[in-house]
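Q: If you're matching them up, the sequences are chains B and V in order. As numbered in my numbering, residues 1 to 166 make up the first sequence, in order. As numbered in my numbering, residues 167 to 348 make up the second sequence, in order.
What the hints contain is simulated information worked out from the structure, not anything from laboratory work. There's no promise every hint is true.
[What the hints assert, rightly or not] Each pair of labels, with its calculated beta carbon distance range:
{"hint": "1", "chain 1": "B", "residue 1": "R156", "chain 2": "V", "residue 2": "R216", "range": "32 to 40 Å"}
{"hint": "2", "chain 1": "V", "residue 1": "L341", "chain 2": "B", "residue 2": "R14", "range": "26 to 34 Å"}
{"hint": "3", "chain 1": "V", "residue 1": "R226", "chain 2": "B", "residue 2": "D86", "range": "28 to 36 Å"}
{"hint": "4", "chain 1": "V", "residue 1": "D317", "chain 2": "B", "residue 2": "A104", "range": "24 to 32 Å"}
{"hint": "5", "chain 1": "B", "residue 1": "T147", "chain 2": "V", "residue 2": "A332", "range": "45 to 53 Å"}
{"hint": "6", "chain 1": "B", "residue 1": "A25", "chain 2": "V", "residue 2": "G255", "range": "20 to 28 Å"}
[As the list claims (entries may be wrong)] Away from chain B, derived, C-beta distances all over 10 Å, residues of chain V:
{"hint": "7", "residue": "D189"}
{"hint": "8", "residue": "R191"}
{"hint": "9", "residue": "R212"}
{"hint": "10", "residue": "M221"}
{"hint": "11", "residue": "E234"}
{"hint": "12", "residue": "P249"}
{"hint": "13", "residue": "K252"}
{"hint": "14", "residue": "G253"}
{"hint": "15", "residue": "S263"}
{"hint": "16", "residue": "L336"}
{"hint": "17", "residue": "A339"}
[Unchecked claim] If we take Cβ atoms under 7 Å as the criterion, some of the chain V residues that face chain B in the derived model are:
{"hint": "18", "residue": "I193"}
{"hint": "19", "residue": "S197"}
{"hint": "20", "residue": "I198"}
{"hint": "21", "residue": "Q222"}
{"hint": "22", "residue": "T224"}
{"hint": "23", "residue": "I225"}
{"hint": "24", "residue": "R269"}
{"hint": "25", "residue": "G270"}
{"hint": "26", "residue": "T274"}
Ideal Cβ positions, reconstructed from N, Cα and C, are used throughout, including at glycine.
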Amino acid sequence: MTAGPAKADPDFFRRLSILVVEDSAEMQRLLTALLESMGVGRIIVAHDGARGLTAFAAERPDIIITDGAMTPMDGLEMTRRIRASDAGDAANPEVPILMISGHAGRENVTHARDQGVTDYLLKPLSAEMLYEAIVNAVSRPIHFVETPSYRGPSPRRRLEARGTGE
Amino acid sequence: MSASVTHSRLAGRDVPMSETPPDVRFIRVPSIAERKLGTSHTAPMRLDPRVLDKMQTTIRKLETKYAEALSAQVSMLQLLVDPAAKGDGEARERLYSLTHDMRGLAGTFGFPVIGRFANSLCLYLEKAREEDWRDASVIRLHVDAIREAVDNPGTDPAITTETLAALERLVAADLAKRKIAG
Numbered sequence: 001m002t003a004g005p006a007k008a009d010p011d012f013f014r015r016l017s018i019l020v021v022e023d024s025a026e027m028q029r030l031l032t033a034l035l036e037s038m039g040v041g042r043i044i045v046a047h048d049g050a051r052g053l054t055a056f057a058a059e060r061p062d063i064i065i066t067d068g069a070m071t072p073m074d075g076l077e078m079t080r081r082i083r084a085s086d087a088g089d090a091a092n093p094e095v096p097i098l099m100i101s102g103h104a105g106r107e108n109v110t111h112a113r114d115q116g117v118t119d120y121l122l123k124p125l126s127a128e129m130l131y132e133a134i135v136n137a138v139s140r141p142i143h144f145v146e147t148p149s150y151r152g153p154s155p156r157r158r159l160e161a162r163g164t165g166e
Numbered sequence: 167m168s169a170s171v172t173h174s175r176l177a178g179r180d181v182p183m184s185e186t187p188p189d190v191r192f193i194r195v196p197s198i199a200e201r202k203l204g205t206s207h208t209a210p211m212r213l214d215p216r217v218l219d220k221m222q223t224t225i226r227k228l229e230t231k232y233a234e235a236l237s238a239q240v241s242m243l244q245l246l247v248d249p250a251a252k253g254d255g256e257a258r259e260r261l262y263s264l265t266h267d268m269r270g271l272a273g274t275f276g277f278p279v280i281g282r283f284a285n286s287l288c289l290y291l292e293k294a295r296e297e298d299w300r301d302a303s304v305i306r307l308h309v310d311a312i313r314e315a316v317d318n319p320g321t322d323p324a325i326t327t328e329t330l331a332a333l334e335r336l337v338a339a340d341l342a343k344r345k346i347a348g
């Protein structure tokens with residue numbers, strides 16, 4: 001990662017709002033506590049993908065962090081709807097969606113990428129992994145593609161999972 | 167917000183215009199940091215060790231609570247196996263949910279082996295058929311291994327690793343068999 005211009009804003013994370021979509025109460029606690037430690041100004045929590053969509057449309061957070069496996073709507077379906085061209089208020093091609101998953105298989109990562117996931121974080125989550133993924137999400141210009149049915153990060157880009165899954 | 171549209175790049179490589187489908191547009195928007203701060207300031211691009219240290223302290227604080235809760239969760243897993251095998255849907259759901267949480271959290275809180283046992287069990291449960299639930303022997307083996315790892319953290323790591331490898335092989339072979347069976 002390269003250094004930017006000199007005037008770094010130490011309170012930058014205060015300006016961020018992050019939506020956490022997670023059905024496990026313990027994982028919610030962990031993520032919320034870690035984001036608070038980073039100084040993130042606003043943390044919104046939703047318990048599954050359907051509530052995540054509603055919260056996203058209402059709150060317009062800067063970043064979404066979502067679990068993969070949830071019921072009744074999982075994180076992949078929520079992502080697919082956010083990236084669908086006809087999703088109305090919930091549609092958004094550019095919001096970074098960071099998926100936390102226990103599935104390390106190449107096919108899982110590829111499927112997540114194809115739905116529009118921006119970054120894929122393998123469980124177990126570490127502080128460094130989460131911090132790095134957020135810094136990466138906020139620092140880089142956002143590239144996306146628009147097709148008649150999809151608006152989001154290119155499904156043809158290379159996406160590698162972060163972490164070892166062990 | 168300013169956005170630029172280009173047809174020149176695809177998946178990080180230069181692509182002749184003729185290869186780009188006519189109904190695909192490539193768009194670039196400024197970073198979140200640039201949108202929030204303008205171009206004269208920048209977000210912290212490098213990881214700040216002080217922030218990372220705060221985050222790691224947060225994890226350490228939660229670790230103690232997690233260790234206390236873990237033992238109770240394993241007891242609950244043991245209690246759930248029998249009703250789950252007898253067809254109790256709620257018990258099956260709870261068993262999976264507890265295992266899923268363990269897979270996600272145990273490694274973060276310093277119990278990587280338990281996280282891997284839970285991962286192996288999760289993979290099995292995600293594809294479990296009715297007869298797998300009713301038989302429950304693979305489930306029991308995993309739950310016993312998790313219990314052993316929680317109660318005796320000082321066990322020879324070679325034994326734990328071998329147990330884990332054996333369970334992972336068992337699940338992989340089982341999943342492969344089902345795939346072949348269609």
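Q: Please name the hints from earlier in the document that this structure breaks, with their numbers sorted from lowest to highest.
A: Per hint list: 2, 3, 7, 8, 9, 10 and 15 violated.
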